[in-house]
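Protein chains in written order, with our numbering: chain A, 1 to 279; chain B, 1 to 279.
Mixed in with the good hints there might be a few duds.
One copy or two, it doesn't matter: identical chains are merged, so the pair holds either way.
Unchecked claim - Within a straight-line C-alpha distance of at most 30 Å, the following computed BS3-like cross-link-like pairs (lysine-lysine) qualify: (1) K184 with K142; (2) K3 with K125; (3) K3 with K227; (4) K236 with K3; (5) K125 with K136; (6) K46 with K3; (7) K46 with K142.
Think of the hints as simulated: they come from the structure by calculation, not from any bench.
Number of protein chains: 2
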Amino acid sequence: MTKVRTAFQGEPGAFSQEAVRQLLGDRATVAPFQRFDEVFRALSDKTVDAAVIPIENTLAGSVHENYDHLLEYDVRIVAETNVRIVHNLIARPGVRFRDIRRVFSHPVALNQCLDFFSSNPGIEKVPYYDTAGSVKMIAGEKLDDAAAIASSIAASIYGGHILRRSIEDDRRNYTRFFLLRRAKEVPRRGAGGEHWKTSLVFTTRNTPGALFRAISAFALRDLNLTKIESRPLRGKPWEYLFYVDFLGREDEERARNALNHLRELADFLRVLGCYPRGE
Amino acid sequence: MTKVRTAFQGEPGAFSQEAVRQLLGDRATVAPFQRFDEVFRALSDKTVDAAVIPIENTLAGSVHENYDHLLEYDVRIVAETNVRIVHNLIARPGVRFRDIRRVFSHPVALNQCLDFFSSNPGIEKVPYYDTAGSVKMIAGEKLDDAAAIASSIAASIYGGHILRRSIEDDRRNYTRFFLLRRAKEVPRRGAGGEHWKTSLVFTTRNTPGALFRAISAFALRDLNLTKIESRPLRGKPWEYLFYVDFLGREDEERARNALNHLRELADFLRVLGCYPRGE
Numbered sequence: 001m002t003k004v005r006t007a008f009q010g011e012p013g014a015f016s017q018e019a020v021r022q023l024l025g026d027r028a029t030v031a032p033f034q035r036f037d038e039v040f041r042a043l044s045d046k047t048v049d050a051a052v053i054p055i056e057n058t059l060a061g062s063v064h065e066n067y068d069h070l071l072e073y074d075v076r077i078v079a080e081t082n083v084r085i086v087h088n089l090i091a092r093p094g095v096r097f098r099d100i101r102r103v104f105s106h107p108v109a110l111n112q113c114l115d116f117f118s119s120n121p122g123i124e125k126v127p128y129y130d131t132a133g134s135v136k137m138i139a140g141e142k143l144d145d146a147a148a149i150a151s152s153i154a155a156s157i158y159g160g161h162i163l164r165r166s167i168e169d170d171r172r173n174y175t176r177f178f179l180l181r182r183a184k185e186v187p188r189r190g191a192g193g194e195h196w197k198t199s200l201v202f203t204t205r206n207t208p209g210a211l212f213r214a215i216s217a218f219a220l221r222d223l224n225l226t227k228i229e230s231r232p233l234r235g236k237p238w239e240y241l242f243y244v245d246f247l248g249r250e251d252e253e254r255a256r257n258a259l260n261h262l263r264e265l266a267d268f269l270r271v272l273g274c275y276p277r278g279e
Numbered sequence: 001m002t003k004v005r006t007a008f009q010g011e012p013g014a015f016s017q018e019a020v021r022q023l024l025g026d027r028a029t030v031a032p033f034q035r036f037d038e039v040f041r042a043l044s045d046k047t048v049d050a051a052v053i054p055i056e057n058t059l060a061g062s063v064h065e066n067y068d069h070l071l072e073y074d075v076r077i078v079a080e081t082n083v084r085i086v087h088n089l090i091a092r093p094g095v096r097f098r099d100i101r102r103v104f105s106h107p108v109a110l111n112q113c114l115d116f117f118s119s120n121p122g123i124e125k126v127p128y129y130d131t132a133g134s135v136k137m138i139a140g141e142k143l144d145d146a147a148a149i150a151s152s153i154a155a156s157i158y159g160g161h162i163l164r165r166s167i168e169d170d171r172r173n174y175t176r177f178f179l180l181r182r183a184k185e186v187p188r189r190g191a192g193g194e195h196w197k198t199s200l201v202f203t204t205r206n207t208p209g210a211l212f213r214a215i216s217a218f219a220l221r222d223l224n225l226t227k228i229e230s231r232p233l234r235g236k237p238w239e240y241l242f243y244v245d246f247l248g249r250e251d252e253e254r255a256r257n258a259l260n261h262l263r264e265l266a267d268f269l270r271v272l273g274c275y276p277r278g279e
C-alpha cells in the first residue's frame, strides 16, 4: 500500500501528529515543517500528498493564519477531526520536580496551564516555538533545571519523563484539525453518509444588512451554521472576509440553492471543502 | 486641570501611547503595563482613571485577548480611534545598516515587514515582547549588530536612530483602539451627535438559524453592523460568543427596540459601550 506523505507544523510529537494518526492511521508517513506557510507550500508544490493543520481550539479560538492560507492556496478540506489537548510536564529522566526553575513551551500551551504556574510561583514560564520542540530542546541541551509542556507522544519520542500529567487548567480543551489535499485532485462529490459539513469563504458589499442577507441564504433553507468567523480584507481597511461552516453536503439540492443564492449577494465566494463531520 | 491617568500595554513609545495622545491629548498622563490583563486590572481597582487598548488591526485582525477581557471586567468603551501603523527600522546612533544581523520586534510587527526581510535575507527576525521595548533593549544592551522595528516616538524616547522609515509591507495598516472607563462611572446617555457606534456581546442558543435571528434584530431596523466577531465560549466546546458593533446610539428608539428584540433571543447580552465613531 502506498503511504500518504503528510505535512504538519511542529516537531515530531506535536499535537498535529496525533491528528494525522486520527485522520489517516498507519496509512500516513509524516513530514514536519517549522511554519504553517511551509506546510501549505509543500502541499501545493507536491512535496507531500496531504497536509494536516489546526484551525481552532475551544479555548484559544481560531488559528487565523491558517484561515488566510486556506484562501491563498488552491487546496480543499477533505476531513476534520478533534484532538483533546492534554498537557504534561516533561523533564529529562532523573530530574526531580523540585529541581525545576523554568518551563518551556508554546505560548498557547503555557497560557493553558496558568493554575499550575499560580500554584508554583518559583517556576518561570519561557515561551518556545513548539510544544514537542521544547521537549527535544531540554533533552538535547541536557537541561537539569528545566521542563517542557507537551504531549505524551513527545515525551516518548525524545526520551522525556512525565513529572505531572494533564496540568491543563480546563479539560474541555480540544483542537479541531483539517486534512487538506490539492484542490485539483479532490472529486467534487464525496461518498454517501449522513453527517457532512461544508466550509466556505465570502465577502459582501459593505452595505447595511449585507451580512444578514448573506446568511439568510442558509437560514431560509434550514441549513445550520456551526461557525462564522470574520477576517480583515487586505487592502480594504474595516472590510471583512467571512468564513462559514454549515451542516450539509455541498451537492445536495438545498445546499446548492443556498450557494447559488449567496453567489447573487457576495462579491466573492469559494467553497473550501465538504467533508464528513468529525466526532 | 486634573490629568487623566491612563493605562496602556507596552513600553513608553508603544503605538498605544500614540492612541492615548489621539484620544485624550495633553489631558492624559500615561501608565504603561506589561500585559493586557494588568491594564484591565489597574482600571478596575482604580490605580488609573482610564485605559487604552488595541482591539483590531486591519491586517492582523482582532486582538482576541482584549475581547475576552472586555467581558471579564466591568468596564465601558467610551471612545475609539484609529492609528496608522508606521514601522521604522531603528538602531543605536553610529550603527550602520550593513552592520545589522538581527532585528527585534513584536511578532505582529515582524510579520508586517516580510518584504523587508525577503529583500535582506542576511538579517534574522527575533521575536520580542514589545515594539518600543525592543528599541529600549538594543539601546540598554548597547547592541551593535541589531536593530528594532518600532514607532518614531520610540526612536526619540530611547535615543535611537531611524535607519529605514516606513518598512511595513502594506500602508493600509491601521489599528483601532478603545478608550475604557469603569462602567459605574460612565453616564448611560452620551452627548448629542450624529455618528455613534454601539458595541455588544451575546450568546445564542445552539439551534439552527439562531445567529440569523439574532442579527435580524438589527437588519429589520436598518441598523448597520460594522463588525461581527466570534470567540469560543469557555466550558462549552464548539459554542461561541458573538461580539457585534452597529452604527447607532444605544438610547435611540430603534436601537432600544433592536436590543430588546435581541434580549428575547439571546441567552446572554451585554452592551460594552456606546461612543462617537472614530475617523
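Against the structure, the hints come out as follows:
1. Proximity of K184 to K142 under the C-alpha cut-off of 30 Å is found in neither arrangement, the shortest distances being 47 Å within a copy and 54 Å between copies.
2. Taking the shortest Cα distances, K3 and K125 never come within 30 Å of each other, neither inside one copy (39 Å) nor across copies (36 Å).
3. Within a single copy, K3 and K227 get their C-alpha atoms no closer than 33 Å, and across copies no closer than 45 Å, so neither meets the 30 Å cut-off.
4. In this homomeric assembly, K236 and K3 never come within 30 Å of each other (Cα to Cα): the closest approach is 43 Å inside a single copy and 37 Å across copies.
5. Taking the shortest alpha-carbon separations for K125 and K136, both the intra-copy value of 17 Å and the inter-copy value of 22 Å come in at or below 30 Å.
6. Taking the closest pair of Cα atoms, K46 and K3 come within 30 Å of each other only inside a single copy of the chain (14 Å); across copies the shortest separation is 61 Å, beyond that limit.
7. Taking the closest pair of Cα atoms, K46 and K142 never come within 30 Å of each other, the shortest separation being 37 Å inside a single copy and 46 Å across copies.
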